[in-house]
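A.B. asks: Here is how the chains run, residue by residue.
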Amino acid sequence: MTIEKAQKIVSLEDQMEERSRLRLQEQAQQPDEQRAGPSSPGAAWDRVQISRHQDRPYTLDCFDRLFDSFREIHGDRKYADDRAIVGGMASFKGAPVMVLGHQKGRNTKERLERNYGMPKPEGYRKALRLMKLAEKFGRPVLTFIDTPGAYPGLGAEKRGQAEAIAYNLRSMAGLRVPLIATVLGEGGSGGALAVGLADRILMLENSIYSVISPESCSAILWKDQNHVREAAQSLKLTAQDLQRFGIVDEIVAEPPGGAHNDWDQTTSALSRALSRHLEEVSALDPEDRIDSRHEKFRKIGEYASRV
Amino acid sequence: MSPLRYDGGMAWFKREKRPFRALPEEDRRVRTEGVFTKCPDCGSIIWNKELAENFLVCPRCGHHFKIGARKRMELLLDDGEFEEFAAGIRSSDPLEFEDRKNYRDRIEASRRSTGLNEAVICAEGSLRGHRVVCAAMEYSFIGGSMGSVVGEKITLAVERSLERKIPLIIVSASGGARMMEGVLSLMQMAKISSALSRLDREGLPYVSLLTDPTTGGVTASFAMLGDLNLAEPKALIGFAGPRVIEQTIRQRLPEGFQRSEFLLEHGMLDAVVQRKDLRAFIGDWLVFMDHAPSR
Numbered sequence: 034m035t036i037e038k039a040q041k042i043v044s045l046e047d048q049m050e051e052r053s054r055l056r057l058q059e060q061a062q063q064p065d066e067q068r069a070g071p072s073s074p075g076a077a078w079d080r081v082q083i084s085r086h087q088d089r090p091y092t093l094d095c096f097d098r099l100f101d102s103f104r105e106i107h108g109d110r111k112y113a114d115d116r117a118i119v120g121g122m123a124s125f126k127g128a129p130v131m132v133l134g135h136q137k138g139r140n141t142k143e144r145l146e147r148n149y150g151m152p153k154p155e156g157y158r159k160a161l162r163l164m165k166l167a168e169k170f171g172r173p174v175l176t177f178i179d180t181p182g183a184y185p186g187l188g189a190e191k192r193g194q195a196e197a198i199a200y201n202l203r204s205m206a207g208l209r210v211p212l213i214a215t216v217l218g219e220g221g222s223g224g225a226l227a228v229g230l231a232d233r234i235l236m237l238e239n240s241i242y243s244v245i246s247p248e249s250c251s252a253i254l255w256k257d258q259n260h261v262r263e264a265a266q267s268l269k270l271t272a273q274d275l276q277r278f279g280i281v282d283e284i285v286a287e288p289p290g291g292a293h294n295d296w297d298q299t300t301s302a303l304s305r306a307l308s309r310h311l312e313e314v315s316a317l318d319p320e321d322r323i324d325s326r327h328e329k330f331r332k333i334g335e336y337a338s339r340v
Numbered sequence: 317m318s319p320l321r322y323d324g325g326m327a328w329f330k331r332e333k334r335p336f337r338a339l340p341e342e343d344r345r346v347r348t349e350g351v352f353t354k355c356p357d358c359g360s361i362i363w364n365k366e367l368a369e370n371f372l373v374c375p376r377c378g379h380h381f382k383i384g385a386r387k388r389m390e391l392l393l394d395d396g397e398f399e400e401f402a403a404g405i406r407s408s409d410p411l412e413f414e415d416r417k418n419y420r421d422r423i424e425a426s427r428r429s430t431g432l433n434e435a436v437i438c439a440e441g442s443l444r445g446h447r448v449v450c451a452a453m454e455y456s457f458i459g460g461s462m463g464s465v466v467g468e469k470i471t472l473a474v475e476r477s478l479e480r481k482i483p484l485i486i487v488s489a490s491g492g493a494r495m496m497e498g499v500l501s502l503m504q505m506a507k508i509s510s511a512l513s514r515l516d517r518e519g520l521p522y523v524s525l526l527t528d529p530t531t532g533g534v535t536a537s538f539a540m541l542g543d544l545n546l547a548e549p550k551a552l553i554g555f556a557g558p559r560v561i562e563q564t565i566r567q568r569l570p571e572g573f574q575r576s577e578f579l580l581e582h583g584m585l586d587a588v589v590q591r592k593d594l595r596a597f598i599g600d601w602l603v604f605m606d607h608a609p610s611r
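Just so you know, the sequences run in chain order A and C.
As numbered in our numbering, residues 34 to 340 make up the first sequence, in order.
As numbered in our numbering, residues 317 to 611 make up the second sequence, in order.
FYI, nobody ran anything at the bench for these hints, they're computed from the structure.
Computed from a predicted structure; not experimentally measured.
Heads up, a few of these hints could be off.
[Unchecked claim] Each computed EDC-like pair below joins lysine to aspartate or glutamate, with the alpha-carbon atoms no more than 20 Å apart:
#, chain 1, residue 1, chain 2, residue 2
1, A, Lys191, C, Glu581
2, C, Lys481, C, Asp606
3, C, Lys417, A, Asp114
4, C, Lys387, C, Glu581
5, A, Lys256, C, Glu562
6, A, Lys256, C, Glu414
7, A, Lys191, C, Asp586
8, A, Lys256, C, Asp421
9, A, Lys191, C, Glu577
10, A, Lys332, C, Glu562
11, C, Lys481, C, Glu399
12, A, Lys111, C, Glu581
13, A, Lys165, A, Asp318
14, C, Lys382, C, Glu562
15, C, Lys417, A, Glu263
16, C, Lys387, C, Glu397
17, C, Lys592, C, Glu366
18, C, Lys354, C, Glu366
19, A, Lys165, A, Asp114
20, A, Lys332, A, Asp321
21, A, Lys332, C, Asp600
22, A, Lys332, A, Asp282
23, A, Lys191, C, Glu571
24, A, Lys142, A, Asp94
25, A, Lys165, C, Asp593
26, A, Lys165, A, Glu263
27, C, Lys550, C, Asp593
28, A, Lys332, C, Asp586
29, A, Lys126, A, Asp79
30, A, Lys191, C, Glu562
31, A, Lys256, C, Asp415
32, C, Lys417, A, Asp318
33, C, Lys382, C, Glu366
34, C, Lys592, C, Glu397
35, A, Lys169, A, Asp321
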């Protein structure tokens with residue numbers, strides 16, 4: 034790519050960012066009754082946009098505020114270090130914990146480095162390596178979800194993207210230490226779930242969790258890109274929807290307008306929720322915890338039974 | 317002028333000045349419906365009886381035709397016999413999902429065309445004398461996609477295998493998680509994987525057979541978690557679909573990418589097995605695996 038092209042992309046991105054920031058600011062300033070109500074057609078799509086907002090606190094921003102220290106470690110010991118996943122030990126209210134999550138970038142350079150927060154198999158394998166390390170030393174694991182999805186690329190397929198995700202799911206189901214997952218921004222399908230099978234699932238108020246992006250859903254079911262709002266609404270992807278389905282254990286309130294307006298306020302609410310849930314699941318013995326984690330997911334699903 | 321170039325002076329062949337007249341559309345086709353099938357791979361015209369006797373595999377080129385869930389059970393299990401369970405579970409359309417078509421209508425259409433209630437059937441039967449629990453997916457039911465019902469039925473199959481302490485076989489054919497049940501579909505990946513974690517801890521055998529096509533959330537959960545991950549030849553297997561990858565990397569994918577043989581080469585499959593050899597291959601492995609002194 035030529036330098037001019039790269040600069041053009043950066044400036045276009047800046048313009049887009051500026052526009053979306055202004056729009057969201059306007060939204061935040063509107064009195065509540067004028068804003069889209071929870072059931073109005075645009076409400077879900079608005080949340081999708083807030084969940085992807087440029088200035089939303091990303092995983093490392095949350096680490097800075099939630100933990101007294103963070104010692105990052107790298108690599109899956111098999112192939113590479115995937116920069117779309119960060120992790121290491123941290124001190125949470127004085128106690129050592131393993132923390133890991135998806136990391137997005139804020140500018141073009143960072144985004145490329147972090148691959149837009151889309152992990153490859155080595156990222157998921159790194160995540161599991163860290164969880165196993167935590168298990169060995171009896172430390173709880175806190176995971177943080179913020180990804181458009183697992184990376185759909187050639188190398189990722191070749192190295193077993195599906196296997197890496199599947200193996201994480203099965204391994205997390207049997208992990209002996211407490212596991213708490215928090216959706217910070219985008220919970221993009223299997224790529225999110227691969228670090229999300231946990232004893233408790235928390236979601237920030239404006240985060241989303243979906244089987245497919247509204248854009249792809251619109252493309253597949255409506256055969257065009259003009260139905261993202263309907264798709265977002267139909268998919269029932271907001272934290273509030275997930276709570277109704279019994280998937281989410283707690284919704285963590287965000288400041289008015291969204292987490293981007295006040296990182297500290299967001300993370301201090303999250304910190305309180307995390308420590309409460311951590312205390313609860315730490316009280317169980319490992320076998321009971323694994324059983325109740327299984328029960329949590331065993332119950333999910335709605336269907337009719339007719340013989 | 318090059319001596320090789322035709323200079324227009326003299327024609328080598330004489331064409332009669334008779335206007336070309338195409339036959340009407342309906343006369344151009346030979347009607348053989350129900351008697352012959354054309355192989356999509358090599359183009360051979362195969363007598364249906366011959367195809368059926370050959371496990372629905374092209375006798376000329378070995379192309380494995382897609383087969384339905386019931387047919388799969390018949391081919392895999394002793395004497396083609398099996399007792400289905402959990403057959404009555406049906407989708408309740410939990411999201412009341414609507415796109416251009418109504419999800420309920422899609423389900424109804426699939427129920428009518430396949431004669432099944434959902435995209436998987438679960439049964440108990442025997443394979444070379446070993447009692448097994450078998451789940452087989454039906455690709456022609458909304459792309460074999462996994463919603464709450466498929467997730468529940470496969471979990472029930474895992475649980476039956478745990479209760480009865482007999483091996484589990486799952487035959488996948490699926491486009492992945494079902495969009496129309498949103499995140500509930502996604503969570504079925506976690507539910508089934510969690511159940512499989514128990515099966516694994518109990519030391520019970522699980523054979524996963526991946527057939528054409530197996531992609532998305534099905535590959536990224538139970539299909540890749542077998543003690544043995546087997547596939548039929550040339551099955552499309554992957555996480556992302558080929559079109560999505562092409563759009564991401566903006567280039568054409570190499571020939572054979574995401575086919576069984578490609579996955580075997582990259583270490584993701586234990587073996588690629590011809591359909592006619594599946595019973596023998598799995599049967600021999602069940603002798604090896606259906607034996608855990610610790611159980």
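A.B. asks: If a hint holds in the structure, say so; if it doesn't, say that too.
C.D. replies: Hint check:
Under the criterion of a C-alpha separation no larger than 20 Å, the hint pairing Lys191(A) with Glu581(C) is consistent with the structure, at around 9 Å. Among the hinted pairs, Lys481(C) with Asp606(C) is consistent with the structure: their alpha-carbon atoms are about 9 Å apart, no more than 20 Å. The straight-line distance between the Cα atoms of Lys417(C) and Asp114(A) is roughly 44 Å, outside the 20 Å bound, and the hint therefore fails. This hinted pair does not check out: Lys387(C) and Glu581(C) have alpha carbons roughly 29 Å apart, beyond 20 Å.
Distance hint between Lys256(A) and Glu562(C) is fulfilled; the C-alpha atoms sit about 18 Å from each other, no more than 20 Å. Taking the CA atoms of Lys256(A) and Glu414(C), the gap is about 14 Å. The hint holds against a cut of 20 Å. A distance of roughly 15 Å separates the Cα atoms of Lys191(A) and Asp586(C); the hinted pair therefore holds under the 20 Å criterion. Annotation: proposed proximity of Lys256(A) to Asp421(C) holds, straight-line Cα distance about 18 Å (limit 20 Å).
Proximity of Lys191(A) to Glu577(C) is assessed by CA-CA distance (about 12 Å); at most 20 Å being required, the pair is judged to hold. Taken as a hint, the Lys332(A) and Glu562(C) pair is broken in the structure, with Cα atoms around 37 Å apart against an allowance of 20 Å. Of the pairs offered as hints, the one joining Lys481(C) and Glu399(C) holds, with about 17 Å between alpha carbons and a cut-off of 20 Å not exceeded. Taking the CA atoms of Lys111(A) and Glu581(C), the gap is near 18 Å; set against the 20 Å cutoff, the hint holds.
Annotation: proposed proximity of Lys165(A) to Asp318(A) holds, straight-line Cα distance about 18 Å (limit 20 Å). The hinted pair formed by Lys382(C) and Glu562(C) fails the criterion: a straight-line CA distance of about 24 Å is larger than 20 Å. Under the criterion of a C-alpha separation no larger than 20 Å, the hint pairing Lys417(C) with Glu263(A) is consistent with the structure, at around 13 Å. For the proposed pair Lys387(C) and Glu397(C), the alpha carbon gap of about 11 Å is at most 20 Å, so the pair holds.
Taking the CA atoms of Lys592(C) and Glu366(C), the gap is about 14 Å. The hint holds against a cut of 20 Å. Straight-line distance between C-alpha atoms of Lys354(C) and Glu366(C) comes to about 12 Å, which keeps the hinted pair within the 20 Å bound. A threshold of 20 Å between alpha carbons decides the hint, and for Lys165(A) with Asp114(A) the separation of about 17 Å falls inside it, so the pair holds. Restraint check: the Cα-Cα separation between Lys332(A) and Asp321(A) comes to about 16 Å, which is no more than 20 Å; the hinted pair holds.
For the hint pairing Lys332(A) with Asp600(C), the CA-to-CA distance comes to about 36 Å; that exceeds 20 Å, so the pair is violated. At most 20 Å may separate the alpha-carbon atoms for a hinted pair to count; Lys332(A) and Asp282(A) meet this at roughly 13 Å. Restraint check for Lys191(A) and Glu571(C): the C-alpha separation of about 14 Å stays at or below 20 Å, so the hint holds. At roughly 18 Å between alpha-carbon atoms, Lys142(A) and Asp94(A) fall within 20 Å of each other, so this suggested pair holds.
For the given pair, Lys165(A) sits about 39 Å from Asp593(C) by alpha-carbon distance, which is inconsistent with the 20 Å threshold. For the hint pairing Lys165(A) with Glu263(A), the CA-to-CA distance comes to about 41 Å; that exceeds 20 Å, so the pair is violated. As the CA atoms of Lys550(C) and Asp593(C) are separated by approximately 15 Å, the hinted pair is consistent with the 20 Å bound. Taken as a hint, the Lys332(A) and Asp586(C) pair is broken in the structure, with Cα atoms around 32 Å apart against an allowance of 20 Å.
Restraint check for Lys126(A) and Asp79(A): the C-alpha separation of about 34 Å exceeds 20 Å, so the hint is violated. Restraint check: the Cα-Cα separation between Lys191(A) and Glu562(C) comes to about 14 Å, which is no more than 20 Å; the hinted pair holds. For the suggested pair Lys256(A) and Asp415(C), the alpha carbons sit about 10 Å apart, so the restraint of at most 20 Å is met. The suggested pairing of Lys417(C) with Asp318(A) is violated, with an alpha-carbon distance near 48 Å, which exceeds 20 Å.
Simply put, Lys382(C) and Glu366(C) have alpha-carbon atoms about 16 Å apart, close enough for the 20 Å limit, and the pair holds. Note on Lys592(C) and Glu397(C): the hinted pairing holds, with a Cα-Cα distance of about 17 Å set against a maximum of 20 Å. For the proposed pair Lys169(A) and Asp321(A), the alpha carbon gap of about 18 Å is at most 20 Å, so the pair holds.
In this structure, the hints that do not hold are numbers 3, 4, 10, 14, 21, 25, 26, 28, 29 and 32, in rising order.
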